[in-house]
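First to last, the protein sequences are chains V and S. Each residue of the first sequence is one higher than the one before, counting from 1 in my numbering. Each residue of the second sequence is one higher than the one before, counting from 1 in my numbering.
Heads up, some of the hints might be wrong.
As the list claims (entries may be wrong) - Simulated crosslink set (DSSO-like; lysine-lysine; CA at most 27 angstroms straight-line):
1) S:Lys381 - S:Lys363
2) S:Lys72 - S:Lys184
3) V:Lys46 - S:Lys381
4) S:Lys331 - S:Lys50
5) V:Lys46 - S:Lys72
6) V:Lys47 - S:Lys72
7) S:Lys50 - S:Lys330
8) S:Lys443 - S:Lys242
9) S:Lys184 - S:Lys243
10) S:Lys443 - S:Lys72
11) V:Lys213 - V:Lys96
12) V:Lys47 - S:Lys242
Unchecked claim - Chain S regions said to be covered by chain V (calculated; three or more residues, Cβ under 8 angstroms):
13) 193-200
14) 245-254
15) 349-357
I should point out that these hints are in silico values taken from the structure, not numbers from a laboratory. Bear in mind that the values here come from a model prediction, so they are computed numbers and not experimental data. Glycine included, every Cβ here is placed at the ideal spot set by N, Cα and C.
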Amino acid sequence: MRRLTREAKIGYLFLLPSIAVFLCFVLYPFIYTIVLSFFDYNWFTKKTLFNGIGNYISLFSDQTFWAALGRTIFYTIGTLAGQCILAFGIALLLNKEYAGIGIIRSIFLLPWILPTVVTALAWRMMLHERWGVITYLLELFNITDGRVAFLADTALALPSVMAVSIWRGFPLLMVSFIAALQSVPKELYEAAIIDGASWFNQLFHITLPYLRKLIAIIVLFRTIWVFNDYDLVWLMTRGGPAFATETLPIYVYQRSFGAYKFGEATSIAMVIFFFLVVMSGFYFKLIEKED
Amino acid sequence: MKKRGTLVVFILLISVLAVFANGTNESEGKTHLTFWTALTTTADQQAHQKIIEAFQAENPDIEVTVEYVSHKDWYTRMMTSVTSGDYPDMVLCDQSEVAWMYYQGMLAPMNDVLSAIDPTGTDFVSGKASIDSCRTRDGNVWGIPFSMNINAIWYRADILDDLGIDPDSIRTWDDLYEVCELVKGQGYTAMGMALAREAAYQQLCIWSNANGCNFFDEENGAYLLDIPSERKKVEDALLYLKKLNDNGMMPAGVSNWMWVDYRTAMANGEVVFTSSWGGDIGVASEVNPDMLENLSVMVHPVGPDGEEYPPYHDAGIWAWSITAGAYETKKEAIDKWIEFFFEPENISIACAARPVYNLPLQKSVLESDVFYSDPITEMFKDEIEYLFEYALPTARRVGFEAGPSIVAGQISSQLFLSDAVQNYLFNNWSLEETMEYIDSNMKDVMEEFNYPIDGYNE
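Only chain V is shown next, with the shape it has when bound in the complex:
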């Protein structure tokens, strides 16, 4: 057996802290979550009964779970679509060099820089039906008949949260898109202009095909992120009114810290995990292809 050199030993020693952190804060909780998902565990009563795959079976007959899953998918798709369109449009506008472009790009980054709690509370105030500026302006300009209760209306609450999520998340995509746009060879555009291609033709036949894979990678990456969105939704609506914004992460919280049924909650968390593993699989496949 080959003995480790002194340098190698020191090298491993330096790895120890990160391994310890990984074991304590990632691997142990993860394994504990898997194990817990097979138990009927109530935090309040401390009742712990092995339940096999019982939690998973009852999950699939739980209407609330399916409704929350549907809402989460709707939220994820809608938010991502909005973020992509907004980010790409602004990236196209900002992919130019003129005086003050750096400052303008920085300003567009502000929504991303703001802490989520500030974003959520500010938008809650702005969307409030009594003292919110948005509904005030809508009424002032006769766009709506009266005040609109964006976050209190079961039909409007989720789209309203999605709009805020789009606003908060688009800068990250925008920066990626700007970087990607700057990698498109200028010669392609020059040749297209000589051939008389319009701006739209350039967009659909040069820019988008060139960025296709990159967009796919970014979208997949963001899917994982948005699917797990918890803080913004919780701070804005706490999953209400009447379940209207109860996405899966909120449902996990409610089953655990609301009903103390941590066994059930962890089984939902494992379903989310499985879904995201599949998405990550696609993500890494795409990266591999891109390489």
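Please arrange chain S on chain V, whose structure you already have, making use of the hints.
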């Protein structure tokens, strides 16, 4: 060598800092008491500070610190504190939270300190909205209430007066609805109440109570919603709330209204009636004092199935509880603090932080001059006496009909009742679906926590 020396000095420095960070007060020989409370307004905080300062001046060897935890975050904070074992020495919270903590095994019985506060056992007013809310069937007391708040219908006396409506004539739900229609016709929003996800369950209980319904038997705690006549009372409460909402008697956005929303709306003159525990007065005194002279209160009108007028009223209490671990080591200091807090002057200070909402339960306080020395409390003396005379005798809280129960704590900490109300009012659930949801979730909770659905046998 130099590096090693630096390392040693660094470790020593950290150790010294750790020792001091943990023990400043102990090194001064002080006993440190901490309490959490869900009474979080600025006025509450100022009142607590005043009482703490007075106590510390009398007891320089005891230091009291307070942490404010909102009701919304209370149970989550408690859960994490129970798990980590890092919970406060005392809490000042409502009776549902006391029940929750009692069944979590966190609390110490307070019979001794209660005897010190009320040696004759006659000072606290009787009824379900008093000490009984915190007394288990074995006779142990797990919380001592410093105040109670009774839900009733607060109204704009000036508007009813202008419309020639005598508040005393509003004795049934139909009467109330007719007046709501009338005030709506004058361009007012009729009714405000808290129907947000964390609060809607209270309105279900309040209106069910006003319809003569108890969820649990008063004697043996048996679950009553399996009895068709009792179940119908809850259905009628839901139907009435829906009628108010669907016919525009409640404001847009009421599904997100927390307590502060309807109180502020009343203070700002945006609603005519509120289903309220009187917190409107404190808010009005802060944001629109001119409104105070227009506000008054009446007992709940009775629902179609209610047999008695006035009907049952919901009442919350704010009680002191002591955590078990702390009582073993700091009993003397804790007893001193609790006894000090229950002195009439201090109860009056604490009550004045939320005038009319915080009503003392000790006769010695009610009959003292200090309680009414607060000008707003004094201004509403008639209303307070009215509430004591007409609402207090029927006051109780769902889950506490037969004393604190494990389900009582769960009704407050879980969201299923609120979700049922919200989905029925705002999400087109049918009445059958809603009742089934309430019933199945109540039974799930009872089963989960081994609550005797047929009542206690002894």
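Going through the hints against the structure:
1. S:Lys381 - S:Lys363: holds (15 angstroms)
2. S:Lys72 - S:Lys184: violated (32 angstroms)
3. V:Lys46 - S:Lys381: Measuring from Cα to Cα gives roughly 48 angstroms; hence the hint is violated.
4. S:Lys331 - S:Lys50: holds (23 angstroms)
5. V:Lys46 - S:Lys72: holds (23 angstroms)
6. V:Lys47 - S:Lys72: holds (25 angstroms)
7. S:Lys50 - S:Lys330: Within the cut-off at roughly 22 angstroms; holds.
8. S:Lys443 - S:Lys242: holds (25 angstroms)
9. S:Lys184 - S:Lys243: holds (14 angstroms)
10. S:Lys443 - S:Lys72: holds (24 angstroms)
11. V:Lys213 - V:Lys96: The hint holds at about 23 angstroms.
12. V:Lys47 - S:Lys242: Given pair Lys47 of chain V, Lys242 of chain S is violated - Cα atoms ~39 angstroms apart, limit 27 angstroms.
13. 193-200: holds (count 3)
14. 245-254: It holds: at least three residues are needed, and the segment 245-254 of chain S offers 4 whose Cβ sits within less than 8 angstroms of chain V.
15. 349-357: violated (count 0)
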